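J.: Sequence:
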Amino acid sequence: MKTRILFLGEIVGKPGLHVIKKGLKALKEEHHIDFCVANGEGATNGFGIGHIHAIQLFKSGLDLITTGEKTYFKKDMVDSISTTSKIIRPANFPSSSPGKGYKIVEINGKKCAFITLLGTSEFSRISVSNPFIIINTLIDRLKEDTDAIFLQFHASTTAEKNTMAFHVDGRIAAMIGTHTKVLTSDARLLALNTAMITDNGMCGSISGVGGFEAKTEITRFITQVPSRSIETWGTLEAQGVIVELDDSAKAVSIETIKYHVESPEKQG
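Take the sequence shown: its position 221, counted from the start at 1, is 325 in our numbering, and no numbers get skipped.
Since the hints were made in silico from the structure, they are not lab data. All figures in this text were calculated on a predicted structure; none of them were measured in a lab. Treat the hints with caution; some may be incorrect.
[What the hints assert, rightly or not] Here are the simulated DSSO-like pairs of lysine-lysine, each with C-alpha atoms no more than 27 Å apart in a straight line: (1) Lys319 with Lys106; (2) Lys247 with Lys204; (3) Lys207 with Lys190; (4) Lys247 with Lys215.
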């Protein structure tokens, strides 16, 4: 039996929550999805994820939420992440950090491990272990007890994410890049059959900059005065990739998806 796993891009604010609530069920049915993962660290106003929003996302159909540098931006998530196995933080955070860095689930009889790691480029306020070394350790630990390993690599630069993809080629089923919230056009199977994409986009408004109001982002670049990004609505999309596994749990394809969801601003 083939297995289809959907990796959705970062959920950004209320528009992103709306996209998941109104669009995910139909998206999963249309594409025959067996398991759905999304980066949720921007679900609460674009900066972190609160416990209530995490519950809402699971009720809307998500099976697993990954995070990144904004994992602990909301205090209630700091308190609650250790009580759930359905939200994972980067595995290269210190071992004393709340939560777990990977999760093993059974999908269509296949044991699948999902790992999140944080890149080292341009995250100056966070100190993490080298993700290239940590992934080696995790692969060695998990490969005997799982059929497929998936890495969601939350990193700022295309160079770091592409390097990671080749680093794990042939050792895991897929490497999915997140963080930049721009769906890239390089989804492919590498030489040793690891599926990869540099960035799987976002869930939210494509009418602004990374889900935020363009005017505010432009002003910050022009004036260099710090300001808080503001969520925007307009045209809404769920973006991501679907990785398909064959009966032996080997990746046989990866495809990008864009799924339009009507904005409440345009509804009667």
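J.: For Lys247 and Lys204, compute the direct alpha-carbon distance and say whether it is at most 27 Å.
T.: Status holds; Cα separation ~18 Å.
J.: Take a quick look at whether Lys207 and Lys190 sit within 27 Å of each other, Cα to Cα.
T.: At roughly 8 Å apart (the allowed maximum being 27 Å), Lys190 and Lys207 satisfy the hint.
J.: For the pair supplied as a hint, Lys319 and Lys106, is the alpha-carbon distance within the 27 Å limit?
T.: 45 Å, violated
J.: Hint check: Lys247 vs Lys215, CA-CA at most 27 Å. Holds or violated?
T.: At roughly 10 Å apart (the allowed maximum being 27 Å), Lys215 and Lys247 satisfy the hint.
Hint compliance for this structure: hint 1 alone is broken.
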